[in-house]
Amino acid sequence: QSNLIRGITKIICDFINIPELTMKGTALKALREWEIKNNSSINVIADMAISKGLNAVKEIFSIGKNMVKKLVSDPKDKNEILIDISFEKAFKFFLDYYYRYQG
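In UniProt numbering, the protein residues as written are 1 to 103.
Source of the hints: derived by calculation from the structure; they are not laboratory data. There's no promise every hint is true.
To be verified - Computed list of lysine to any residue pairs in SDA-like fashion (alpha-carbon distance at most 20 Å, straight line):
#: 1; residue 1: Lys58; residue 2: Ile36
#: 2; residue 1: Lys37; residue 2: Asp96
#: 3; residue 1: Lys58; residue 2: Arg32
#: 4; residue 1: Lys10; residue 2: Ser51
#: 5; residue 1: Lys69; residue 2: Ile85
#: 6; residue 1: Lys52; residue 2: Lys10
#: 7; residue 1: Lys10; residue 2: Phe61
#: 8; residue 1: Lys58; residue 2: Val44
#: 9; residue 1: Lys10; residue 2: Arg100
#: 10; residue 1: Lys65; residue 2: Glu88
#: 11; residue 1: Lys52; residue 2: Arg6
#: 12; residue 1: Lys89; residue 2: Leu4
#: 13; residue 1: Lys24; residue 2: Asn66
#: 14; residue 1: Lys24; residue 2: Phe61
#: 15; residue 1: Lys78; residue 2: Phe94
#: 16; residue 1: Lys52; residue 2: Asn39
#: 17; residue 1: Lys89; residue 2: Asn17
#: 18; residue 1: Lys65; residue 2: Leu82
#: 19; residue 1: Lys92; residue 2: Ser51
All chains should be modelled from the sequences, with the hints used to inform the complete structure.
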């Protein structure tokens, strides 16, 4: 899982001028926010039906994306389209990883 987080973080940081450590912290906050919102541990996603699990992961990515949009200060990096693209590429990385190692 650390390779997964590292890969996702790198993709987003390549698009947006944000330190990797900050992005990792944001990812952890997004996971925690999802857990609170759903009154559930992140571990339950692995036991969900594929479509429901992917929706949960997409929801976590959306939470993280909204956090990043509030976090960045450089006007170039505040470009919402660029942030959206970076998160879509990161989600594709997740899907590739999932199907390679889990599916």
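Hint check:
Proximity of Lys58 to Ile36 is assessed by CA-CA distance (about 16 Å); at most 20 Å being required, the pair is judged to hold. Annotation: proposed proximity of Lys37 to Asp96 is violated, straight-line Cα distance about 27 Å (limit 20 Å). Only pairs whose Cα atoms come within 20 Å are accepted, and Lys58 paired with Arg32 is accepted, the gap being roughly 14 Å. For the hint pairing Lys10 with Ser51, the CA-to-CA distance comes to about 26 Å; that exceeds 20 Å, so the pair is violated.
The straight-line distance between the Cα atoms of Lys69 and Ile85 is roughly 12 Å, inside the 20 Å bound, and the hint therefore holds. A hinted pair counts as satisfied when its Cα atoms are at most 20 Å apart, and Lys52 with Lys10 does not qualify at roughly 26 Å. For the suggested pair Lys10 and Phe61, the alpha carbons sit about 15 Å apart, so the restraint of at most 20 Å is met. Of the supplied pair hints, the one linking Lys58 and Val44 holds, its CA atoms being roughly 15 Å apart against a limit of 20 Å.
The suggested pairing of Lys10 with Arg100 holds, with an alpha-carbon distance near 19 Å, which does not exceed 20 Å. The suggested pairing of Lys65 with Glu88 holds, with an alpha-carbon distance near 10 Å, which does not exceed 20 Å. A distance of roughly 24 Å separates the Cα atoms of Lys52 and Arg6; the hinted pair therefore is violated under the 20 Å criterion. Our distance criterion of 20 Å between C-alpha atoms is met by Lys89 and Leu4, whose separation comes to about 13 Å.
With a CA separation close to 15 Å, the supplied pair Lys24 and Asn66 stays within the 20 Å bound. Distance hint between Lys24 and Phe61 is fulfilled; the C-alpha atoms sit about 13 Å from each other, no more than 20 Å. Taken as a hint, the Lys78 and Phe94 pair is broken in the structure, with Cα atoms around 23 Å apart against an allowance of 20 Å. Under the criterion of a C-alpha separation no larger than 20 Å, the hint pairing Lys52 with Asn39 is consistent with the structure, at around 16 Å.
Restraint check for Lys89 and Asn17: satisfied, since their Cα atoms lie roughly 16 Å apart, inside the 20 Å limit. Restraint check for Lys65 and Leu82: the C-alpha separation of about 11 Å stays at or below 20 Å, so the hint holds. Taking the CA atoms of Lys92 and Ser51, the gap is near 15 Å; set against the 20 Å cutoff, the hint holds.
Against the hints set out earlier in the document, violations occur for numbers 2, 4, 6, 11, 15.
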